[in-house]
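Construct the entire structure; sequences and hints are all you get.
Its first residue numbered 10, the sequence shown is counted upward by one per residue in our numbering.
Calculated from the structure, these hints are not laboratory results. There could be a bad hint or two in this list.
What the hints assert, rightly or not - Restricting the straight-line Cα-Cα distance to at most 16 Å, the calculated cross-link-like pairs of lysine to aspartate or glutamate (EDC-like) are:
#, residue 1, residue 2
1, 87, 72
2, 113, 147
3, 372, 362
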Amino acid sequence: MGLDVKPLSTLHEKASYDLGDFEVPTGREEEWRFTPLRRLHGLHNGTAQDGGKVIVDVEAAPEATVETVGRDDARIGKAYVPADRVSAQAWNSFTHATVVTVPKEAVASAPTVLRVRGEDASAAAYGHTTVILEPFAEATVVLAHRGSATYADNVEFVVGDGARLSVISLQDWDDGSVHVSQQHARLGRDARFVSHNISLGGDLVRISPSVAYEGPGGDAELYGVYFTDGGQHLEHRLLVDHSVPHCRSRVDYRGALQDADAHAVWIGDVIIRAEAEGTDTYELNRNLVLTDGTRVDSVPNLEILTGEVAGAGHASASGRLDDEHLFYLQARGITFDEARRMVVRGFLGQLVDRIEVDEVRDKVRQAIEEELDQGAGDR
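Right under this line is the structure:
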């Protein structure tokens, strides 16, 4: 592959298409220390049984072209180099890829929806998706994951100069499913990229969104919502790599947790390289703990290699429902369960309301209500 990979940083030490370049993780590595490797069904060490089945159905906007192509297609892998062993395993194991292209200056009149449906979690499946927006195009893409699967995939978004792409990725897997995904966006000059990652279902879900810039004026906004139940492991690992001047990024991820052994992980890495003067970046993660017995790991990281920045900051907070807020509402005749719902709705709703596709936004709201029903009465 001919992709030019920039010098590695202390936050991310390796990138390669070659599976042999990555040692089998033991769980002691920084990038794997929060992930329960035994629950990956062998995706990390080559012991996963092959033969899993995942079906991709696409409902394309009239302006978009959708193709199923082989591994040798020149458009595959142009924007992304695997950054961990599971990603490299997925790269070396997929047999065909989905390519979505929106031509130059076209404005998509409807979202393009990729429905990824798993039919067997007892064996591993691998996938690859490439979304290309040519210069000055505009589009919305929805990745909707459901069913039962052990699935590892790479998704690359190539956003041309002046183009605008909004992506919604919904992880609504059945119980027992495992999903490990790298989602990488490469932005051209004055390009804009907005992503929403919503993780609700599955046993173990590990999503790694990342952004790189190819020209000044790039603008990325990364939002995420997750609701973690007892026994679930939901992990989001973000990387924003500022390598050119005068680009902007904003990150805001929020989660709620309830019931024993619910585990949420958020890692937010931002690199501002020496040549990236004028960078404006901020990342935020907040977690609302609804019951005892849950665990949250939230780690924001900034690596700043230049003193010429417009702004750079981060914040992380995790805590229980505010007793004063609940008391205030209950003092006005609102029951504890309804007060709890109101607080959670307000906390997550600020990001849910940003989802541009009505069908997805309504589905997420309904899913949050169902989660709250499940936790009704817990104190």
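Going through the earlier hints one by one, which of them does the structure break, listed in rising order? Those not satisfied come down to hint 1.
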